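Sequences and hints are given; from them, build the entire structure.
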Amino acid sequence: MGSYQLLIPQCTLLLGIFILALFEIVDRQFHHRQGWIIQTIALVLAFIQQLLLYRLPSSLFVIGGMILDGTTQIFSLCVLLLSILIQGNRHTEKYSSRSQTAILTLGVTFFALFAIQSNRIIFSVISILGMIWLAHGALASETKLKEQTNLIYSGIIRGIVFLVIGVTLCILCLNVFGESQMDEIQRVIVRGHIRQIPIFAIEVFILFLGALVLGTPPFEGLLGKARNHSSWSLSLGLTGIFAIVGTNIFVRWGLLVFTRPAIGVLELEPLTSWNILNVIRVIAVTGLVLTPLFAILNKNMRGSFLFFILNPFVQALFALSFGQREILGAAIAQVVVAVIIIGLLMSSIQALEFSPTSSLKEWVALGRRDMLACLSIILALSSAAGLTPFYGSLLLQKTLSINSSFGIVLLFNIVLSGFYVGRLLTLAFHRNAGESSESPITRVQKIWFAVQFILLIFMGIFWQPLYKYGAFSIRQFFGEV
Amino acid sequence: MNELIICIVFIPFIFLGGNKKAGEGPLWIPAALALGCVSYFVWQRSENPLWWGGVAAFLALTLSEVIEAKKLKPITAFASLFFAQSLISRDIGITIICIVMGDLFLNLETFLAGDLSEKNRAIHNICRSLFSLLPASFGVLLHLEGHYLILALALTIVLRLFAWPLPHWVSEKETESPYSYLLAAAIPSFALWHNQDFSSYPLWALVWMALAAVLSLGAQYSEVYIAMGLGVFCISPVHGLMAIALWPLLLHKSKVMYLVALFAGIGGVLISDFSIKALNENAVYAIEVLSAILLSRPFVSAKIIVRPWFVDAIDIALTALLLGLFIFVLPAQIPVVGLQGIIFAGVFLISVILGKVLYPKRKRFFEPINGFTGNLWPEIKDPIALLQERAGKQIDLSEGRRLRKFYDAIESESHLVWLLGLLGLALAWGLR
Amino acid sequence: MKFKTLVTSLGLVAISVAAFILATSSRAPWVVIGFLCFGGILFFDGYNQIPKRWMNIILFLLTYVLILDAVLEGTPEAFWRDFAGALFFTSLLFEQNALSWSGFGALRTTVTPALIFFMLILAQSIPALPPEVNYGLSVAALIISSYTELFCIFRENAAATVGSFMSALRVACSGLGCLFYCSVFLPEIARRAPFNLMYVGLPIFALLVSLGAVFLKHWRRRQTLFFCNWSLFIFWAALSGESFRFYAAIGALIAGVWTIMMADRDAANPENYRELYLKLSAWGVPGSFLFTIIIFALGPSSDELVRQGSAIWLLSFFIYWSGLGGFSFSTSKTPNKGALNGWHRRLAFVVTLLGASLIAGIRILPEIFSEVWAQGVMK
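Chains as they are written, first to last, in the working numbering: chain A, 1 to 481; chain B, 1 to 432; chain C, 1 to 379.
It is worth saying that the hints were derived from the structure and are not from the lab.
Since this is a predicted model, take the numbers as computed values, not measurements.
Cβ atoms here follow ideal geometry from the backbone N, Cα and C, with glycine treated the same way.
Careful, some of the hints might be misleading.
[As the list claims (entries may be wrong)] List time: in silico BS3-like cross-link candidates among lysine-lysine, alpha-carbon distance up to 30 angstroms:
{"hint": "1", "chain 1": "A", "residue 1": "LYS446", "chain 2": "C", "residue 2": "LYS52"}
{"hint": "2", "chain 1": "B", "residue 1": "LYS405", "chain 2": "A", "residue 2": "LYS146"}
{"hint": "3", "chain 1": "B", "residue 1": "LYS405", "chain 2": "A", "residue 2": "LYS361"}
[To be verified] Across the chosen pairs, the derived CB separations fall in these ranges:
{"hint": "4", "chain 1": "A", "residue 1": "PHE462", "chain 2": "C", "residue 2": "LEU197", "range": "39 to 47 angstroms"}
{"hint": "5", "chain 1": "A", "residue 1": "ALA450", "chain 2": "B", "residue 2": "ALA409", "range": "34 to 42 angstroms"}
{"hint": "6", "chain 1": "C", "residue 1": "LEU211", "chain 2": "B", "residue 2": "SER398", "range": "38 to 46 angstroms"}
[Stated by the list, open to error] Here are some, though not all, of the chain A residues that point toward chain C, as calculated from beta-carbon distances under 7 angstroms:
{"hint": "7", "residue": "LEU396"}
{"hint": "8", "residue": "GLN397"}
{"hint": "9", "residue": "GLY418"}
{"hint": "10", "residue": "GLY422"}
{"hint": "11", "residue": "ARG431"}
See the structure below:
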């Protein structure tokens, strides 16, 4: 097996970028329909190729810095799926006719795959830097001309900050371990003879970067204000892609490197004296409280949704922090569900033609004007909150069964998330809508909502296949059983 | 077979046989059906006259009503069926259910036959009749025994029997159709009472006489007599059965009232003699004298309607027939009257005669006292503030300036600076 | 509308058949009970509330799927999860079909009890909890599920939900959940002190609610509380441990759900005897299906506490019946609003009469049902 087969999906995406650029160069103008089709084909093709790559042996480490095991595969598929959903929702988007947006979003997906599949920290850092700059570019391309400069400037600064921290981390790794390849770093730690203080510093950097990329409060994320005025699909979708990459950092750079399976039990134990699992738990706990709280306090719909879609990721992070095999698998599967949630949210909000500056006032009685879209949003948010019968509730049950005092924070998260969802649900059907205008939702859109909604419900009710898929993906952590 | 099954099965036949609008119909259909059903159950219980004796009295009562009114409404006939079944049932629970169903159909009769105010009353009567059955139901549910169960049954009987001090739910109809009242009051009272064994509880005979005496201040003579009959039943079931043979005489307020007064007096005599076993002599004397005086009042103040002699003769004949039947089938000893009985008889007789003489001049002393006429069910007009429907507290949909500034701050690059500072602090803490 | 009704009916039948095929022999009767409840809701929906909107149909069928899934689950955690999901969708239907109201109160929406229910069942997952606390949480959750509608009773237009399919759905979900829990997952401590005090405690709670109902001005809001109490009655009957009372609880569930759908929502008309009979039957007065069930469920017991509980239940029901003391027909003629399907009302009338006549089988029906249940369930 050669290493180059792993790059097939990335190559497809690159090809897509080139074709789009070529069209613009040759035709001197961008045809919206053509560009959309090419981008969609590239993404779908990459998704299928990535899926077929799964038929390869699960433990595949390649010298040269690429990796494709269970978790990498599942995260890659999530990124591609989310990109397809973003692309699907951009079909009628006003700004989707710009070539820059198409190329830049495809670029974000391209770099995201590298960020996830890299075995070397420096490559992941560079990939994430590419993601930051390209994402800012894509978001800026959808805003007004006078704001674009500020957003680009913001993106550059954030990218540089990230690059500095990332490079510092790489230098530290090279100094301490003599390696920047993750599996090799773990072998060095296992051998021992390393001072704990530098390892401590490295762990802090990794967790900091992970939280920054994931965007869990108080680490508000690398995209910041850039999401405020762009389209719903890009702002929510890119947040989701960054969240997946951030989760991957916690899993790959954190858990896989600094823990190993304990002997005799199906859970992870720390390799260093400083228990990384506890620190991840503290970060997750902070996120569990602040994520729904900020969503509740923020009366701007864009802002509150951007906070709240991180809730399933934070719940997954909390579950991961216990390092137990059964919960680990469920947490990884939660990321798949989060992608579907974001997709449903994007499509339904888009259909309602909410403006980026909409507040809770515009939400009142929305359900009476357009019930299907409104309920789709509410059910997506319920799934994000972890309410039954959605998949998140299963993860919550399994996490609470661990018997940790931190469980109370999870219950607090449910209270806040439940209040958030309950408030939206109640206000949506609160008052009469007044004169009802014709619904802007087409039949195709309704069918699309229904499909996503049914998928979400099925994942919750018939959760066994998804759970098994998640469990299968983390086999590498515990070795072959 | 369950007593209720037959009743339920005949529901459609009753309605088919009757006219839906007027509630009346051919006489023979409901009468025949009711007779047939009752006869079947009587035949099943034929070994013990105590079980079918009540039914015989009920049939005599019904026959008297049919002869007098020349009609029997099918729904009333159906109610009668349930009441008859309650007489035969040996289980108090089943008895109560039969009474409930009987009440239901009596109220249905009122509803169908009346105007809007009567229809309202019919609906109100549902809960009033259920209220009367509550004590007995509690007794059954709590599986009470002995005095407690008898007390529960007695409470139910008092609520069903007496129209004073609380108004009876059929009392307004009594003057028009005493048959309905007797169906609702007399028959269920006997049905509930005759299942019990009072050999260990002799005091209850005196209790009934005292109750009848107290409540006679506002009650009618028929109510008083039925209560006395229940007291006699506590002494001897045989004598109690003979007491219910006078049910046909209670149907009409004619000169047959004097016969009822006679038998009431005999009942008082028996109870007074018997009560010496339960209480001391002086107490019995006091109670019987007072009771005799009070019990005479309703008989004195009863307004007698003059009717043709042959009409009364039918009632008397039916009563005589019943008495003869009971004497024939039941071995009854002629009781020996003691001093207490003689005293009661004397006081009662003197009170009645004196009362009749004094009544035209001193009506106020003999007329029934008015009972409670207000609304039994207090209507809560203004619900307490907590339970009112009212508008809720409005949610604040505006976002304050400070919150907006906070979000701006965390979205800007400057917050990364703060986070980097935190990172530095964390490293410094770890490296110390 | 006919197309939507057909789709809903086919969906219901398909789900039932699939569940029946997948169910083991011990769980098959539960599928049948679920079908009777949900099928009855759809069948007696004379106002066509469910087929009015596609979202109503979808959520109705999803709730049915969840409830059937709950009764087919093997572990208590999975059962509770599905049950909570069904309750959540029911609360969603309440909000979706509610008339407009003002203000916002977390205690005025049915979402709040659904969330509280979810919190309580999540708390049960904590392994450090002793079994007594665990059981207490279960009981609290079941009580919350019975009194879901209590939360929305004080807002304007709350009376519009009375007699609605959402109310029937709530009774069906909470009733099935209670029955299944008591039959399959009830711990042994439930029958021992101090938990056996619930045989009296639950009726006392219902009594307090019924006393509170006296203060409610509108009879429709009072009826909401009546059916909340009815759900608790089902739970109490199932909890008592006696088989005939358990069967009576099953009957109470079906009777309650059907009665809600069969009672009409117009003002009482003294000329329309059939509608008046159905309206009064919704209160469980003698001659109604509910009354028959009350008789069956309050049968004699050897347990002193159960006997006391029965007496308190009777008092509680009587307090509701006492509301009839203030009943009065309006003299003005009110036209019948809403086109009611004629055959629906006739069938409802016949079913209620038949249900009332079941009282005749007070001695033989429990034995017959026990035989049927024993053949359907593997012990």
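Each hint tested on the structure:
1. A:LYS446 with C:LYS52: Holds - the C-alpha atoms of C:LYS52 and A:LYS446 are around 17 angstroms apart, at most 30 angstroms.
2. B:LYS405 with A:LYS146: Given that 30 angstroms is the threshold and the Cα spacing comes to 22 angstroms, the pair holds.
3. B:LYS405 with A:LYS361: Holds - the C-alpha atoms of A:LYS361 and B:LYS405 are around 20 angstroms apart, at most 30 angstroms.
4. A:PHE462 with C:LEU197: 39 to 47 angstroms: holds, 40 angstroms
5. A:ALA450 with B:ALA409: 34 to 42 angstroms: Taking Cβ atoms as reference, A:ALA450 and B:ALA409 lie about 41 angstroms apart, which means the hint holds.
6. C:LEU211 with B:SER398: 38 to 46 angstroms: holds, 42 angstroms
7. LEU396: The hint holds - A:LEU396 has a Cβ within 7 angstroms of chain C, the shortest such distance being about 6 angstroms.
8. GLN397: Nearest chain C Cβ about 5 angstroms off; hint holds.
9. GLY418: Hint holds; A:GLY418 Cβ to chain C Cβ min 4 angstroms, cut 7 angstroms.
10. GLY422: A:GLY422 check passes; min Cβ-Cβ to chain C is 4 angstroms, inside 7 angstroms.
11. ARG431: Status holds, d = 5 angstroms.
When each numbered hint is compared with the structure, no violation occurs for any of them.
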